[in-house]
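Protein sequences appear in the order of chains A and B.
7 is the number of the first residue of the first sequence in my numbering; add one for each residue after it.
7 is the number of the first residue of the second sequence in my numbering; add one for each residue after it.
It is worth saying that the hints were derived from the structure and are not from the lab.
For clarity, every value in this text was computed on a predicted model and none was experimentally measured.
Do not take every clue at face value.
Identical chains blur together in the list; that is why a pair holds if it fits in one copy or across any two.
Claimed, not checked - Straight-line C-alpha distance at most 27 Å; calculated DSSO-like pairs for lysine-lysine:
#: 1; residue 1: K113; residue 2: K66
#: 2; residue 1: K66; residue 2: K111
#: 3; residue 1: K49; residue 2: K66
#: 4; residue 1: K113; residue 2: K49
#: 5; residue 1: K49; residue 2: K111
There are 2 protein chains.
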Amino acid sequence: MHITQHTDYALRVLIYLAANTDRLVTIAEVSQRFDISRSHLMKVANQLVREGFVEGLRGKGGGLRLARPAEQIAIGAVVRRMERGMELVECFGHDSNCLLTSNCKLKGVLATALEAFLQSLDRASLADVIEAPQKKLLYFAKPDAPPPARKAARARAAKMPQSAG
Amino acid sequence: MHITQHTDYALRVLIYLAANTDRLVTIAEVSQRFDISRSHLMKVANQLVREGFVEGLRGKGGGLRLARPAEQIAIGAVVRRMERGMELVECFGHDSNCLLTSNCKLKGVLATALEAFLQSLDRASLADVIEAPQKKLLYFAKPDAPPPARKAARARAAKMPQSAG
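When you get a sec, could you build the whole thing from the sequences and use the hints?
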């Protein structure tokens, strides 16, 4: 069972923006920090803007920022809006071939479980997942001259207290 | 978000066996009824046997049957055992590239939601999803001369009362 990469990246962009609320963040910067292709991130960012999670300012000095405080962005809302296919199994779609489709009770059982999953995510906000030390790890005051992404992250991570296990 | 086809097919096999408990069911029959490749079903059935959900009797006149009553098989248990990848996002795996991995709170939030999903599925048994009219639709007394799968299913479905919507 997987969440799509599209939603995964959307969550990373939001987390990064939530850790850097004092300035605009460019797609190039996020691309570098997370080692994700710029074109893929562009699609993710465009949808985040369309869905009202992010504001995008064009032109020189432009960039992305959260459209509302991190406390007001539920992780469940992000997954509901960004996840393109919520068809847990074939029969959730329109072109089901399954013999059972017309009277299947399994579909209802799976739909209830999916709702339980999303409601659990509704209870966590972007602010909840960006508490220290996460926020400190992700805060970059000087975006114009960032060090290589992985190396910097590892160096910062090495300085942070690690949780056991 | 999807459940793998492997798990989807496993649930279909179990539902079919639960509707036909008065006899052994062959893989050829399930393959025909659901229009699923025999080799794929063989892998699914082998794992169902290994996991203790199904008993397989070899040889002429052999076939598959539930290893225990449908009331004692939780849908959640089937999904937990059959679903090969429970890595909701990249960072659940061992080779995560994400900058956030070392201190990520999102991982915990997603893991909690996944558990809510599975616990919801734990509350439904195979018997719950195979109540009439589902069971009647799937019961085939004469497996040796089955009519073409889709046609028979549609004919039976047409005779069943359809739920609104």
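Against the structure shown, which of the earlier numbered hints fail to hold, in ascending order?
The structure breaks hints 1 and 2; every other hint is satisfied.
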